[in-house]
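*Asks:* Those protein sequence lines, which keep their order, are chains A and B.
So in numbering that gives the first Met the number 0, spot 26 of the first sequence is number 25, and the numbers just go up one at a time.
So in numbering that gives the first Met the number 0, spot 319 of the second sequence is number 318, and the numbers just go up one at a time.
Because the hints were derived from the structure by calculation, they are not lab data.
There could be a bad hint or two in this list.
[Claimed, not checked] From the structure, some residues in chain B lie toward chain A, with a derived Cβ separation under 8 Å:
#, residue
1, S44
2, G56
3, G59
4, F64
5, W157
6, A234
7, K435
[As the list claims (entries may be wrong)] Label pairs and their in silico Cβ distance ranges:
#, chain 1, residue 1, chain 2, residue 2, range
8, A, G174, B, S401, 31 to 39 Å
9, A, K3, B, V262, 42 to 50 Å
10, B, S401, A, N452, 49 to 57 Å
11, A, K3, B, S284, 54 to 62 Å
Since the structure is predicted, the reported quantities are computational estimates derived from the model, not experimental observations.
Heads up, the beta-carbon is just placed ideally off N, CA and C, and yes, glycines get one too.
As a plain string of letters, each chain reads:
Protein chains: 2
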Amino acid sequence: MSKKPSIPKGTRDFSPEEVVKRNYIMDTIRNCFTSYGFQPIETPSFENSDTLMGKYGEEGDRLIFKILNSGDFLKKVDGSAYAEKDSLKMTSSISEKALRYDLTVPFARYVVQHQNDITFPFKRYQMQPVWRADRPQKGRFREFYQCDADVVGSTSLWQEVELVQLYDTVFTKLGLEGVTIKMNNRKILSGIAEVIDAQDKLIDFTVALDKLDKIGEEKVKDEMRSKGIPDAAIAKTQPLFDASGSASEKLTMLRELLASSEVGMKGVEELEFIVNTISELKLQSATLEIDVTLARGLNYYTGAIFEVAAPEGVSMGSIGGGGRYDDLTGIFGLKNMSGVGISFGLDRIYLVLEELDKFPTTVTANTKVLFINFGETENLYAMKAITRLRSKGVSAELYPDSAKMGKQMGYADKRAIPFTVLAGDKEMNAQTYTLKNMKTGEQESCSFEELLNKLN
Amino acid sequence: MSKKPSIPKGTRDFSPEEVVKRNYIMDTIRNCFTSYGFQPIETPSFENSDTLMGKYGEEGDRLIFKILNSGDFLKKVDGSAYAEKDSLKMTSSISEKALRYDLTVPFARYVVQHQNDITFPFKRYQMQPVWRADRPQKGRFREFYQCDADVVGSTSLWQEVELVQLYDTVFTKLGLEGVTIKMNNRKILSGIAEVIDAQDKLIDFTVALDKLDKIGEEKVKDEMRSKGIPDAAIAKTQPLFDASGSASEKLTMLRELLASSEVGMKGVEELEFIVNTISELKLQSATLEIDVTLARGLNYYTGAIFEVAAPEGVSMGSIGGGGRYDDLTGIFGLKNMSGVGISFGLDRIYLVLEELDKFPTTVTANTKVLFINFGETENLYAMKAITRLRSKGVSAELYPDSAKMGKQMGYADKRAIPFTVLAGDKEMNAQTYTLKNMKTGEQESCSFEELLNKLN
């Protein structure tokens with residue numbers, strides 16, 4: 000093969016610098032999850048097709064990567080599908096496994112499968128890659144990590160409170176101060192549909208409302224009209240478009256608008272509890288905001304809906320989202336298992352941290368010190384010091400070949416290794432090491448202990 | 000769907016306890032890799048099929064999981080293959096991507112693709128899952144992690160020395176003392192084939208010799224005979240079967256046996272350098288042993304060959320292995336790039352640590368303290384303390400529902416949470432917390448600072 004190799008479109012290689020930065024984000028989130036009592040699980044990269052298919056709608060089914068059966072996969076193929084050359088019909092007979100599309104359905108499958116071993120309420124987190132056969136574009140990949148924390152088996156609103164705190168804790172720890180946690184409640188959306196007498200149009204209504212940020216008030220109303228929502232009904236929703244001010248002003252508006260809707264008032268009550276409790280507990284750096292237009296397009300939410308916006312001035316879609324869903328595990332036959340969860344958008348968080356230059360300088364893949372290679376005898380002397388340094392946690396290397404000094408120093412420079420050690424005859428006789436600071440060019444003679452102190 | 004969901008055979012769900020233990024092993028290895036100057040990379044889970052196919056032999060090709068093309072995959076299918084219903088022929092036209100089979104070929108592809116951005120010698124490590132459509136059996140999975148450290152771009156034997164030290168460091172850090180690092184050299188195997196005049200039978204000869212541990216001397220000789228190696232030649236190899244004693248005795252034996260073979264003597268010289276240097280530098284807990292029968296069946300090794308055996312008394316295959324290969328990247332058109340690397344067998348290391356009870360007790364997914372839920376007002380008091388505890392790194396939870404005391408205590412027990420806090424009216428008035436040790440049943444009244452001290 001002579002042409003340069005490549006990787007499939009929509010996938011990525013990660014360089015050392017990128018891996019280290021990604022691990023820093025994941026480790027930070029993991030530590031926060033742990034302090035909140037969430038426990039990690041991992042599920043297989045591929046699931047049986049019937050676990051995944053039909054769970055994400057028709058479009059989702061199309062975007063799931065299917066794995067070809069091993070061996071003579073055509074042997075079992077359906078005769079008529081084969082004759083018709085119908086890809087769609089043939090898929091299920093030549094493919095029984097598929098790559099996971101998200102972490103939520105595998106989690107639901109896990110809970111049902113292991114329900115007898117799990118102590119509920121079960122607080123789990125999961126950070127694993129998922130795959131989607133989406134058209135690749137800027138910021139959208141065919142392989143990417145999801146990072147989810149969910150609690151199942153409790154309807155307590157204290158979970159929602161905790162999840163707001165968790166967002167605040169994670170983003171504060173990452174140095175990403177000033178994020179906005181937007182919150183809504185599906186019951187409020189249902190209540191609005193009720194008071195404007197458009198229950199049958201709930202989805203159309205929320206999908207349109209969700210676009211307010213992007214397309215503006217008039218176009219949202221146009222879309223509602225085009226979906227058959229009468230002008231009189233749309234007029235009743237005007238307070239939603241005019242909503243502004245503090246959480247308590249918004250709650251007052253909602254209480255008036257939804258007075259006649261039981262489900263709507265339940266939603267207001269839930270929002271209010273969360274807002275009031277968070278204001279008692281206080282957040283470190285994030286702001287909690289009621290956003291009555293927030294719907295996140297996902298029909299499985301039944302209570303709270305969350306979405307996190309990056310700090311002002313950073314143009315980036317949401318960096319996190321989630322909500323409560325009352326029937327996560329119903330699809331696998333386990334009823335009445337309410338869940339609530341949030342997710343973190345790793346790739347976008349990475350981009351925001353880059354843009355704001357918030358990665359700590361200690362987050363680096365660099366070796367701390369390179370010992371120059373002067374030949375076999377000197378190398379043994381160097382290697383003894385390197386072995387001791389490593390055992391003290393200092394990352395240290397010997398240049399492996401006895402190349403010219405310039406080449407070795409060039410290697411240290413290119414790798415951005417901050418220190419080199421020169422140890423030849425003179426140093427060996429004196430049992431010392433000459434430490435060179437690669438930035439300033441300064442050199443000094445050190446004992447091993449001095450070397451360790453300076454590098455540690 | 001009413002039947003209990005399941006996962007594909009050969010795959011695994013990992014429970015919180017398992018994930019935490021696996022992460023402990025990976026974090027330990029990662030820290031050692033870093034201190035040795037290895038840098039992490041990550042490659043996509045799937046590669047273009049032509050990157051993987053043909054790199055692992057016919058059997059390997061068969062075991063690679065292929066991904067079905069998206070959309071109307073039959074449109075592009077080869078007409079005659081379709082007419083013949085030939086699975087093998089059709090595969091390449093309906094599948095263009097495949098799941099990675101190991102980390103070595105993707106690494107070679109990465110090096111060639113990014114050669115202009117890499118500073119050589121390049122010390123990289125990689126810990127990612129791989130997939131093989133193997134028949135699942137005890138200890139063999141269809142999805143498992145590999146964990147590799149390699150250096151490319153240098154022929155220096157100091158790399159081999161480092162890799163022996165690295166094995167020693169990792170297993171010592173994991174508390175797995177007493178592993179044996181077996182070492183051989185492909186040049187020695189070539190030299191033996193040369194002196195017994197059976198160069199054309201090198202593979203047959205080494206494959207047979209590699210089985211000595213498992214099938215014994217006589218059966219190895221039978222196999223050599225059956226492959227057409229003459230008795231006189233086999234007789235000359237008798238010193239290999241009799242080899243015992245110290246490294247220096249084995250080196251003496253090899254020097255006599257291989258005196259007439261240039262390549263053989265080069266192998267002896269390499270072994271000797273590594274043995275002598277390691278004996279100067281000393282290992283912490285592992286033993287380095289020359290094993291002249293070690294071949295690892297892999298034809299791409301050209302120099303050192305390594306394999307690690309678990310401590311005596313543990314019946315487990317090798318828990319690590321590796322070696323030098325002189326032409327890793329040649330398959331992608333980049334010549335003369337020598338590499339040497341080792342890998343760690345994560346699943347087996349896990350089993351050995353379990354068997355020897357070597358996981359530290361601190362490696363647990365448990366929350367440290369559960370606050371009992373007494374109702375809304377008390378919860379706010381509890382949550383303020385929990386928030387402060389978490390910010391100090393103590394993992395803490397509030398039981399989310401106001402259930403009966405017995406149920407809440409039962410939850411703490413089942414989750415093996417070591418402490419609970421009871422904070423009702425009395426505690427709120429006194430601004431204290433009643434801390435209960437779940438093991439001893441002891442209760443004591445604490446201020447927040449006392450609570451923090453006891454839990455931290």
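*Asks:* Against this structure, judge whether each hint is valid.
*Replies:* Cross-check of the supplied hints:
Interface restraint check for B/S44: the shortest CB-CB distance to chain A comes to about 6 Å, inside 8 Å, so the restraint holds. The interface hint given for B/G56 is violated, since its Cβ lies 16 Å from the closest Cβ of chain A, which is over the 8 Å cut-off. Because the closest C-beta pair between B/G59 and chain A is about 13 Å apart, greater than 8 Å, the hint is violated. With a cut of 8 Å, the hint placing B/F64 at the interface with chain A holds, because the nearest CB-to-CB distance is about 5 Å.
Of the supplied interface hints, the one on B/W157 holds, with its beta-carbon coming within about 5 Å of a beta-carbon of chain A, less than 8 Å. Hint status for B/A234 relative to chain A: violated, with the closest Cβ pair at about 39 Å, above 8 Å. Restraint check, B/K435 versus chain A: the minimum CB separation of about 17 Å is more than 8 Å; hint violated. Under the hint 31 to 39 Å, the C-beta atoms of A/G174 and B/S401, about 37 Å apart, fit the expected range.
Distance hint check: the CB atoms of A/K3 and B/V262 are about 34 Å apart, inconsistent with the given range 42 to 50 Å. Checked against the hint of 49 to 57 Å, the pair B/S401 and A/N452 passes, with Cβ atoms roughly 56 Å apart. The supplied range of 54 to 62 Å is broken by A/K3 and B/S284, whose beta-carbon atoms lie about 44 Å from each other.
Hints 2, 3, 6, 7, 9 and 11 from the earlier list are contradicted by this structure; the remaining hints agree with it.
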